[in-house]
Each structure stands twice: as C-alpha cells, then as structure tokens.
Amino acid sequence: MNAKQPPVDRVLTRIADYVVNYRITSKSAYEMARYCLLDSLACALDAQRHPECRKMLGAVVPGTTVLGGARVPGTKFKLDPVKAAFDISTSIRWLGHNDTCFRKDSGHPSDGLGAIIAVADYLCRTRGQQRRKLNVKDVLSALIKVYEIQGQLLDNNDFTGLGLDSIAMVNVASSAVVTHMLGGSRDQVVNAMSNAWLDGVSLRLYRSGHNAGWRKAWAAGDAASRGVLHGLMAVRGEPGYPAALTTPVWGLSDVVMRGNPVVLDGPLGTHIVEHILFRVPFPAHFHTRTASECAFKFHRPLGRARRRREGLPLVDAKFQQSLRQSFSARRQKHICSVCSDYSSMKSLPFNRFMELFAVRARSHQAVVS
Amino acid sequence: MAKARGKSVAQVQPDQVLSVIADYVVRNAVYPVAAMKMARYCLMDALGCALQAFASAECTRHLGPVVAGTVVPNGARVPGTRFQLDPAKAAFDISCLIRWFDFNAVWFTGGSPADTLGTVLAVADYVSRMEVARGGKAMRMKEVMRYLIKAYEIHGMLSGANKIDRSDIGLDSTLLVKITAAAIATKMLGGNRDQIINALSHVFVDQQALDLYRIHPHTGPRKSWAAADAARRGVQFALFSIGGEKGYPTAISTKHWGFRDVQFKGKEFNPPPRLGSHVVKHVQFKLAFPTQRHCQSAAECAVALHPEIIARLDQIERIEIYTHGLAARIVNVSGPLKNYAARDHCMQYIVAVALLYGGITTDSYGDAFAADPRIDALRARMIIREEPAYTNGHHDPEIRSNPNAQQIFFRDGSATRKVEVIYPIGDSHRRRADLPLLEQKFRDNLARRFAPRRRQQLYGLLSSQQRLEAVAMDKFMDMLVA
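So the protein lines, in turn, are chains A and B. Residues in the first sequence are numbered from 1 upward in steps of one, following the numbering used here. Residues in the second sequence are numbered from 370 upward in steps of one, following the numbering used here.
Here chain B stands alone, though its shape is the one from the complex (with noise of 0.2 angstroms):
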C-alpha cells in the first residue's frame, strides 16, 4: 500500500486497520441508553464468569504474581482475589478467570468478546490508582463501561471482517484480543492516536500463536488462557507505546516483510466494517450450558429430550443430531477425549451428558464425571448431519442463528419427538426471557466466592444502572476483593 522508500516513517501513512481503530478509540461518543444497559449486563456475566473459576485449580494456578510476595504499590485488583499487580498481569488474570471455562459471552463469528474485558478493568483500575496516589480522582464506572463498549466492538467486527482460525491460516483468533487490548489499553493509559497506531502496529509485526491448541485431538488448557497471555501483550505494548516506543505503520502492508505477506499468506487483512456500539447490543450470551458456542442449542434440545428417554436408555437404537455445517466440522469429535478441553468442545459428549442428567455444569467435564461409561456409549450412537438450511441460518447476517435439532429412535421402532432450537438461551432474540437467567447465574456466581451481605452489595449495585455509573473503579474493584 504505502510506497516508504526514501521516506521517514513518521510520513507513511499507517495502514487503514490500525488507523480506523485507532479512529474509534479516541472518538469520545455518548452510547446510547440501551447500549450501557446491554454493557452493564455484559460486566455482570463476565465477572459471575470470573468467580465461577475459581473451582478450577487448573485456573487458580495461573494467578497471581510471578514471584509470590511481590508487592505492587498501586496495582490493579484481580476480582474474587486479594492481589493487586501489575496491569499486564492483572489483564492476564482477570481474562483468564473471566475465559476458563468457557461459559463467557460470544460473537456470532467466533471469539468471545468477553476476552477483552480483563484488559479494560485491569488498566482502569490501575489508572485510577495512580490517579487516586496522585491526588486526582479515579474512572467512573460510567467510563469504563464505554470502553466496554469499545473493547467489545472492535473485537466482535474484527472477527466478522476477518477469520483467523480457518485452516489455510491457522492462527489463533486470540489475535484479536491482542489487537483489542493493545489500542484500548494505550487510551486508557492516556495515549493519543498516534500512541495507539504505535501500539497495535506492534501487534502486527508479534509472533501470532497458533490454532493448533484447539484442535482435536491436540485439544489442550492454553485454549483457555490464550486470551489471556494475547490481553496481556496487549497492555505491555500499550505500556511501551506510552513510553516513546515507535511503531512500525506499515506493520501490516509492506510487502514481503509485513503481516500480510507473511504470516496472513498474502489475504487482506480487512478493517472492522463499521464501529458504534452494536456488538454490546447483540451479544450472545452463555446463561445455561458451559459449552462450546456450537454447542449451546445441542445441550438444550437434549435436555427437552432427557425426561423421554431417561428410563428408555438401554433401548435406544441411534441419536439423530442435526445441526450447521461449521458445528459439524468443529465440535463432531469421536474417540477418546483425553481432557476437560476437549470434553467441552465434543458435541457428542454434551449431548450424551444432557440426555443423561437433564443439564450441564462445569463439573460435567471432569475425569471422573466422564469415566460414566454411559457417556461413551451414548455417544457411540450419534448421528451428526449437516442440515444445509441450518447452515444458512448460521452465515447469513440478517438471520445469524446457531440451529440444532435431534431425535432419538429405539429398538422397537418408536422415536422421540423432533426437538429443534433456533436461537440458543442467551441469543439476542431472546433478551427479554433469558436477562432473568442472566442475573440469576450472576447471583449464583456470586454465592460461590462471597458472604450474604458482600452478594447483596454487588448485586444491589449491578442492578442499578444509575448506581453502577457513578460508582469509582478503585472502590468497584475493592468489593470484589475476597
């Protein structure tokens, strides 16, 4: 794109991507109202997220400071802990929490833009700490949220504009969170654009990871704290464009040297389309089921089916699963599943463990759960099909279902009614039943790490919008210490 030769780079013209989002970050917009309800939701489902984790030592683990002891004056707070670290490391802690188990809200194109969450909280706090130290005044909570808003945004159009994950590339989507992270880190730190166009130029030119840890059968835990280590770049880039590093403009055009050439195998890498606060608005939440997204309407026609066929198990001939064609390339998996990420992305095993309970919970993918040997030959007895209308209803943007049908036929003959799902619990479609599933699972989530009293405050102020706004982020984050 730019011709640089003989040039200085502070002449060259950056690339559209980084300018455009660039663009958007610094833009100072007033959301609509509906838009700041939806971001205030989207706050409550990831932090009840976050709690959920701590379940999992596997999660646990990865928390914390380097070096236990380590004292940061200022730091950011890690909710549901006492920590207080550095904001990269903050950002890594709080995403990871936020992502382990993968129950998170989603985009129709892939990715979780729940994943760039960790990033906005992390370095709000942080600032507002430093400024609070300094004698100013720290971000409210109203702030935050529109960088929510931002945070969301970029990530969910990046993931519609381009598709990293596919074979021909095979990079990991976290990308994007990378790229997220980078440009709303460096504004919240107090960067100007160019500061910003800096920072994720450093994105461009980073070593990318690779898809390979989420697929079968090389399916493995970085899966859920990729995100994570991608924020985390992201914010030491920020810090470093804030501290006078340059960029590279061209990170992604120059030819044979830049991104596209060489890690992008020569395909355009597009900017979002457009930028405003619809992500926030349509976002795809997780209320019932921690699976994979494909799998959501899966687990919800085989719970309608469990009280049928619960007393018929040993007479059922084949489960017939008919779903879109991306589910069924990416979460159709037979054979052993060697571990809990594996498990939560095989159609079958959710299946098979909702026809068998009536539900699916975290602790659904554990060694000993899956030992069951009902699941195995449950899953033995699937049919997965690729119903082509299915498939359109998935990639088309005016409809974007994620549709799953299945029914079940015994020896004798008989069968099960059709059960079909269009729109999953959670789907924009179904706002207006499923935000009571949302505050309930926030307030479950709550019970698990916090005493009667601390639930009530936290939930008393995430249901009030007018409260939660004019809240400060450093008093925000210290009810969520525990």
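Bound conformation, chain A alone (with noise of 0.2 angstroms):
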C-alpha cells in the first residue's frame, strides 16, 4: 500500500467554494428567501399544536439549563445548537407542507433552516468566543445558500431509486452553511461536510408504503442537527475525508451509491431559492386533502416567477393565520410589523427576531391546540 494524499472531492471543494467566496448580489433572492423564512415559520407554529410534534421537542432531559440556548419558535426552549436544530427542523417539516423543489430527487430545501437558525440565534446569545452579532440578512444568506446546496444536490443525484432517503443532503447543506456560519475556514468547511457524507445515507423505508411512520417526519431535524455537529467539531479542529466520495471500494459512491458517482454540475447561485415552490394556501383541512393534491395543484402557478404576485399572498396569508393560533393579537401585529418587507426585517439583529416568536416560560400553554 502506498500512503499517497488523496486529492480533495470537486464536489466538496465546489460546495465549499460556494460557501465561503459566493456573494449574494440577487435582491429577488433575497426577497424569495425572506418568504421562505416566514413560510418554514408558518409550518413550524402549525406543527406544534400536534402532539406528536411537540413530544420530539425539547431537551433530552427535562429540566436542563443551556447557558444562552437558542429558542425553538413557538416554545419556551432555550437548547444548545445541535438539540435547537433538531427542534426547528422537525417543526417545519412535521406537517409537510414546507417549501419544496421537484428535481430528480425531491426534497424540502426548508429542512436545513433548523441548522442555520439555531446556530444563528446561538451566535447572537452565547456568551463564550464564538459570539457574533448577526442579523436577518445574515440569515437569509445563509438560508440562501443552504437551498442552494441541498436544491442542486438533489437536482443531481437519485437517492430515492436506490431505496435511501434524500434527507442526508440536509446533513451535507447544513454541515457546510453552519461551519461557515461559526467562522470555519474554507478547509473546515470541507471537513465538516466530509464527516457528513461519511455518517451516510439513511434508507427511505419510512417513508414508503404501509412501512410510513413518523420517522419521516423527524428525519429533517435528525439530519440538521448531525449538520450542526459536525460543524461544531470541525471548528474545534475536527479534521475530514477528503476523499470520502470517490474513493473507490470504501468511498460512499461505492458503498452507498452502488458506483454512481455523486453529481454536483451547473452553477451554485441563487436558483433554488427563486424558484422555490411553497405548498400553499394554507391547508386548513390537510386531513381530507393532501399535501400532494395542494403541491400539484399550484405547482405550476407558484414554480414560475410571472405567477409569483398571486402566491406571495398567499403565504403571508398562512403566515398570519399560524401566528393567529399561536399568539396574542398585541404580538401578532407587532410580528406582522416587523416582518412586513425585507427592509424593514434585514437589519433587526437576529435574537431579537427569534424573540418575537419565542413563548414565556410562564404562558407555554399558548401553543396548546
């Protein structure tokens, strides 16, 4: 055997690039982004009310302090960064009517957002070194990104026809947004994402068939928050696999992919974000009328920017209406203030948003259906 270092993967030094050097220039993008945080939101105070839902949230061991937690939206949690992200991202995921983007896999680019806003609201509370002040827009670059990520990856590669879940892109994206996000070199953000690809691919069997169960609602925040560690160890110095793609034999083209290599073509930008299909309006009655149904339906009407002005409504619609189920009407006005456009929103440092959605430990019982 011969000790030579292996060159890095293209597809972890593209992604890793994208992170780290690309500028957002797209105010639309932007824009689109800003829709998607207030949706993502939506879906999360909605999934609350379930039972089902609000059982997975909150520390493992009831009772547990987190000296400068980041809240989970519509809870009084304060958890570290890696629990918080499971959190968020089960919540927005719970119902599934979070955005979506029909690629050759399809897939919820939403499901990373735990990641990002956790660590965000992390950042802006903590009291050790990593402590930066971030703001919205901070956000919605990062949200921006993390789409991106998952979108093209996904856009690429067939994990479905292999019988494996999509959702380990969620792991990927975060990984890579979240070492960023805390301050890891371009380096780290490869090494993080390496250690993401090598936890692999978990299978799709939950999702399928009379084998359906809740795992698959879950799977998003187990994901974000695996993303989430492993951004957390490679800022510690965590070293990666450069090579943990292509590797032949023991590579994860080769142990997961069956040999299909792992495809990351065409330009990372902005394109998921813009063309982001959002599962609306609202559905009240969900439980008579599928989730599938509304996709199908407004497909078309919402993927295509002309139709934009008609669905954007649309979401703010259901983003008022969660807040209606969650809030007070004193806090529901304040929020809508705030959220009303992207200027007034981008430079409100980002612990004062997730502020606005926090619950008082004292009225936790709001978000009880």
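Honestly, the hints are just simulated from the structure, not real lab data. Values in this document were obtained by computation on a predicted structure and should not be read as measured data. Be a bit skeptical, because a hint or two may be false.
What the hints assert, rightly or not - List time: in silico DSS-like cross-link candidates among lysine-lysine, alpha-carbon distance up to 25 angstroms:
no. : chain 1 : residue 1 : chain 2 : residue 2
1   : A       : Lys346    : A       : Lys137
2   : B       : Lys406    : B       : Lys787
3   : A       : Lys216    : A       : Lys104
4   : A       : Lys104    : B       : Lys634
5   : B       : Lys615    : A       : Lys55
6   : B       : Lys615    : A       : Lys216
7   : B       : Lys624    : A       : Lys216
8   : A       : Lys104    : B       : Lys624
9   : A       : Lys133    : A       : Lys76
10  : B       : Lys634    : A       : Lys216
11  : A       : Lys133    : A       : Lys27
12  : A       : Lys346    : A       : Lys333
13  : A       : Lys133    : A       : Lys346
Said to hold, decoys possible - Examples of chain A residues lying across from chain B (beta carbon under 8 angstroms, computed):
no. : residue
14  : Leu38
15  : Val60
16  : Gly63
17  : Leu95
18  : Arg215
19  : Arg236
20  : Thr247
21  : Trp250
22  : Asp254
23  : Met257
24  : Ile335
25  : Val338
Said to hold, decoys possible - Here are some chain A residues the structure puts well away from chain B; computed CB gaps all over 12 angstroms:
no. : residue
26  : Asp17
27  : Glu31
28  : Thr64
29  : Pro81
30  : Lys83
31  : Phe102
32  : Trp197
33  : Leu198
34  : Ser202
35  : Gly266
36  : Glu274
37  : Leu314
38  : Ser347
39  : Phe357
Every residue, glycine too, gets a C-beta built ideally from N, C-alpha and C.
Work from the hints to combine the two standalone chains into their complex.
Structure (structure tokens):
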C-alpha cells in the first residue's frame, strides 16, 4: 500500500468555495428568502399544535438549562444548537407543507433551515468566544446557500431510486453552511462536509407504503442536527476525509450509491430559492386534502416567477394564520409590523427576531391547541 | 421475509435479528460466577482505558455538553470529569474515553465489545439518579455488570456472525455498537420487548457510517470517536422508543427498501448464533501494548528481540515478520504515516518502535516521537509474510489464535532467533498469568487521574467482587468524579 494523499473531491471543493466565496447580489433572492423564512416559521408553529410533534421537542432531560441557548420558535425552550436544530427542523417539516423543490429527487430545502436558525440564535446569544452579531440578512444569506446546496444535490442525484432517503443532503448542506457561520475556514467547511457524507445515508423505508411512520417527519430534524454537530466539531479542529465520495471501494459512491458518482453540475447561485415551490394555500383541511394534491395544483402557478404575484399573498396569509393560532393579538401585530417587508427586517439583530416567536416560560400553554 | 401487504404493522412478525436480541435482553438471567468475575475485570480494564485518555487533548475536546455550563438535572456522570450530561451525550463521552487509545478489550472477530460499556454506565447512572430523585433506589453494580455481560455478548456474537467492514459492504462495524446500545439502553430505561424491537429497528433504517476513516491512507481520528457516536445514536433511539416512537419491524428484510437490500448489498444480516455469557469470559484484553489488535503479538515479539538488536541497529539487513492473512492486509502499511490514527494501525511502525525502545506506549504515536528517523529506516527493511498456518489458526473458531513471528538478519549473514507468539498477552488462554498485569494496568491508570487515597478506595472496591456488586451505581460514579 502506498500512502499518497488523495486529492479533495470536486463536489466538496465546489460547495466549500460557494459557501465561503459566493456573494449574493440578487435582490429577488433575498426577497424570496424572506418568504421562505416566514413560510417555514408558519409551518413550525402549525406543527407544534400536534402532540406527536411536541413530544419530540425540548431537551433530552427535562429541566436542562443551557446558558445562552438557542430558542425554538413557538416554544419556551432554550437549547444547545444541536438539539435546537433538531427541534426547529422537525417542527418545520412535521406536517410536510414546507417549501419544496421537485428535482431528480424531490425534497424540502427548508429542512435544513433549523440548523441555520439554531446556530444563528446561538451565535447571537452565547457568552463564549463564538459570540457574533448576526442580523436577519446574514441568516437569509445562509438560508439561500443551504437551499441551493441541498436543491442542486437533489437535482443531480437520485437517492430514492436506490432505496435511500435524500434527507442526508440536509446533513451535508447544513454542515457546510453552519461551519462557515461558526467562523470556519474553507478547509474546515470541507472537513465538516466530508464527515457529514461519511455518516452515510438512511433508508427511505420509513416513507414508503405500509412502513411509513413518524420518522419521516423528524428525519429532517435529525439530519439538520447532525450538520450542526459536524460544524461544531470542524471549527474545533476535527480533520476531514477529502476523498470521502470518490475513493474506490470505500467511498460513498461505491459503498452507498452502488457505484453511481455523486454529481454536482451546473452553477451554484440563488436558483433554488428563487424557484421554490410554496405549499399554499394553508391546508386548513389537510387531513382530507392531501399535501400532494395541493402541491400538484399549485406547482405551476407558484413555480414560475411570473405567477408569484398571486402566490406570495397566500404565503403571507399562511404566516398570519399560524400567528393567530399561536400568539396574542398584540404579539401578532408586532410580528407583522416587523416582518412586513425585507427592508424593515434585514438589519434586525437575529436574536431580536427570534424573540418575536419565543414563548415566555409561563405562557407555554399558548401553543397547546 | 414478512409478507406485509395489506396488514397493519402491528401484526407483522419482526425480523429475527431484532426479536432474538430483544428476547435475550429482556431475559432475567443469573450468570455464572466466572462471568461475573470477568465482568468486573472488563469494567476495571475499560475504566482504566478511560482514565488514560485524558492524556490526549484531541480526545478531551470531545467531552462535555455542547454548550459549556449546561446543567442537566440528574445527569449521568462521566468518569474522570465533573460533567453531568444527558444519557446520550454521556454515552458518547464515556465510550469516547474508553476507546480513544484503542487500548480496550477486543473480540476475535473484530471490534471492541468494550465500546458498548459507555452506554451501560451512562444509562445506568442516569436511571439511578432519576430513581433516587423520585425517592426510589439506585441500581446496584451487580445489575450493572449483568448489563455489561449482555452488551458484550450481543456485540461480540453479532461481530462473529456478520463481517460489516469488508470491502464489498464498506460500512463501519460500529453499527454493532449502535445495535447493542439501542437494545440495552431501551431495557435499562424500562422498555419492554416491543420497545426494544422498535429501538433496534430505528438502528437498521438509520444512516450507517462508512468504514473509510479506518482505511489507509484515509485513516483519521474519527475512528476513535465513531464508536462513541454510534453509542449516542443507540441511546437516542432508545429514548425515542421509550417516548412511544413506533418501529419498523421488517426494517431489515423489507424487499427493495430494507437494510438488507439497500445497505447490505442483498446479503443476509445474521442473528447472533447464541447468546449467553461467552464473550465476557473469552474477551481479549490489551495489557502491554496500545496497538491495533493484530499487532499485539507483533509488538510482543519485537520487545523480546529488542535486547538482541539494539546494539547492532546499523547492521540490520532485513526484518522478516510472519503474520496471519488478515493482518497482512489490514495493518501492512508502507509510506508516510500522517497521524496517530495511521501509526497505531501500522504493524511496521509498531514493530520498529518496539525494537528500538523495548516497549510501546500511547506516547509512541505522536508526531514528535514519529520524527525519529530510525523508525522509518527500520520500516524500510521489513518484509511482512503471510503464514498460512497462522491464518488458519486465526480464523478457526476452535483455535482463535493471533500469531506473529519475527526474525532479524544482519549484513554479516548472522541472524537472531525466530521469536514466535501464538496467543498475545491478554488472550483468554493466558488469563491466570495476565490478570495481575490487568490489575497493574488499572492501578497505573488510576494514578494518572486520582490522588493516592481515592486510588486506593477505587482499587479496593474493584478488587472485591462482593463489595463491588453491592455498591449503588450513582455512588460508584460519584467516586470517579475528578
């Protein structure tokens, strides 16, 4: 055996370069990112009215106190960023009406948003050295990138066909973006991502037929929390495995993808966020009207930029509807005035933004339906 | 296997692997005295390994809560620290410490059953503290050691039945740690048979880590925390299962979507052949040399040759090493070794250090130590040969040897004797002579972390079967706070 250093996989370097160097200039990308954030928060608040979802939230041991912990919107919890990412992404994804992209493999780009929100709130609130001041625009930048990475990976690779759950791309995308948010270098982004890939890919079994179970609703949270974990490890100096994907026999392509290479063609920019499909109108009767019907019906109108004018008010309505069910009228009004448009939101410190959705410890009952 | 179409999941017969393990875990067994005694030695050895790991800053940076200062009420203790953590993170931390230097007990067919002990200790401590807080009683160490026996047994027996890290599968064998942790933790947390099956099924639908980080030249430090990571996930699934999460009883066998077809290349994942208390009785300890398992006997041979060659280093022409086939493939590495993880999995490096210094320690793999040019000079003169008889001996379940032989030839045509070791130090065939070495290793490791009085207390407690079995789990873990 010869010990030559393997070169870094191109998929890893492309994503790392995008995360570290790409400057988002598209105003419409930020505009859409704002809608994505509000839509995701609406989904999270709606989901938390379901006991099956609520049961997954909170610290592993009740009563745990985390200094400067990240908040979970719609709850009183302050958690470490790993568990907060789990809780937020799980809430966003629970009902399955969060934003979507239909690609070679379909997925919900907002699945990774829990990692971004949790880490951003943590960075704003921690008393440690990692403390950083992030505003809503910084978070939207991270959102755009995490959407783009996940969406483009889904665009190029078919996991479902191999019996695999593409949710692993949430792990990969969030590990990359989170590492950068935590102040990690390009190399550290590569390191975090390579460890995320080496986690492997879970089965799709829990989404199929008679086997379908709740795991399909928390798998996103699980993947997002893994991404945060790898990010935290990478900035503390954990090395990576630069040829994790392509190494013959032992790399991800051969072990997991049955020899199919992991492909990432085409430019990484702001395409995914700008062409996102929202699941609107808010499916008030989603028990009787399946989410897929809604998606089918509104795919064309909302998938195209020229129909956005009709679709976006529905996102606003969905957001307001979810606020009505979770907060007092005064709070609703306050939230709506802050979130009314991009220019009023963008420079708000992110911890202040998160405060809008936090439930104060005493009034936790507010989220119980 | 199970034809489930049109049936509700509740009616489906769970996969045999799941039910066999669950049945074993729920069984209330009383184990023979010999097994309980070896469980005590396993505990002693693993705790010692954990205390030794504090020498590595690379290890200790993985410890503690995600956010410093987090307070977990009734959290589980991590030996050698003041941390109290949720049971999942505590399982990670304890497992990480035990495994870090790869100096913990191993099993013939690969893997370290001791990787499962972090889960047993973390969950036992957490359950005990919760119980005490509710006014109940803590678990006794006797019960904890029964769980240890079960955990080692499941891990070792599954390892014998399934080779996971082979090249046509390519997954990391810490999958077995995840399986064991999920089953044992669910039971310890009060779960019933169905809940154990549910937790186990989540392990099989889960993502499975790749073996790549153990394969040269990709070797990296993840190999030292992968078992801990698996233990943490196992405990997470146990907690979910206790919380009412349903399972996927045909997670392995479901056609097209199941573990067998998707992750295991269509090959059968075999249930453990029998489950009793075999593993704990025959486990192989690493007592003298912190090396990869196959290099244990190689280090011993080289140490024996050290006095004969140390004065004649410059006259060495070649070093012939005879080993079994698995070692000749896995730990036979030439060329640059970039880090600790690469070096402690390189037979040539280990033999070179043992020849030069007459011993090998966890300090022998650092960058500064490895810079000694004599090491690579000796490595360049080594020839590793597979000895078919050794390969047979290693693979035969009746023999289970781990042999190595070495002979060193000089330029003037002379040679040393050929030194051969069939069963390395720590093997169950050498128990009587080796147990004092194990106790010595434990005392040395205690001295790394504790003041003399506490050392004596701990050594005294762990030397007495009767006293240890009677002690309460939370009190035991309190003694290990540093």
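Problem - 25 angstroms limit on alpha-carbon distance, applied to hinted pair Lys615/B and Lys216/A - result: 12 angstroms, holds
Problem - Cβ separation check - Leu314/A to all of chain B, threshold 12 angstroms - result: Given that every Cβ of chain B is farther than 12 angstroms from that of Leu314/A, nearest at about 34 angstroms, it holds.
Practice task
Go through the hint on Leu95/A and say holds or violated, using the shortest Cβ distance to chain B against 8 angstroms.
Solution key: 18 angstroms, violated
Handout entry: Beyond 12 angstroms from each Cβ of chain B, as asserted for Glu31/A
Key = Holds: least Cβ distance 34 angstroms, greater than 12 angstroms.
Exercise for the section: Determine whether the non-interface label on Ser202/A survives the test: each CB of chain B must be over 12 angstroms from its CB. Expected result: 4 angstroms, violated
Practice task
With a cut-off of 25 angstroms on the C-alpha distance, tell me whether Lys406/B and Lys787/B pass.
Solution key: Between Lys406/B and Lys787/B the Cα gap is close to 37 angstroms, so the pair fails against 25 angstroms, i.e. violated.
Handout entry: Lys133/A paired with Lys76/A [C-alpha distance capped at 25 angstroms]
Key = Judged against 25 angstroms, a Cα distance of about 22 angstroms means the pair holds.
Handout entry: Distance restraint between Lys133/A and Lys346/A, which requires alpha-carbon spacing of 25 angstroms or less
Key = 13 angstroms, holds
Handout entry: When the least beta-carbon distance from Leu38/A to chain B is tested against 8 angstroms, hint result
Key = 28 angstroms, violated
Problem - Pair hint outcome, Lys624/B versus Lys216/A [Cα-Cα no greater than 25 angstroms] - result: Within the cut-off at roughly 19 angstroms; holds.
Handout entry: Claimed clearance of chain B by Trp197/A, with the beta carbon kept past 12 angstroms
Key = It is violated; Trp197/A is separated from chain B by about 8 angstroms at its closest Cβ, not greater than 12 angstroms.
Exercise for the section: Beyond 12 angstroms from every chain B Cβ: check whether that's true for Gly266/A. Expected result: Holds: least Cβ distance 26 angstroms, greater than 12 angstroms.
Hint check: violations occur at hints 2, 14, 17, 23, 24, 25, 28, 29, 30, 32, 33, 34; the rest are consistent with the structure.
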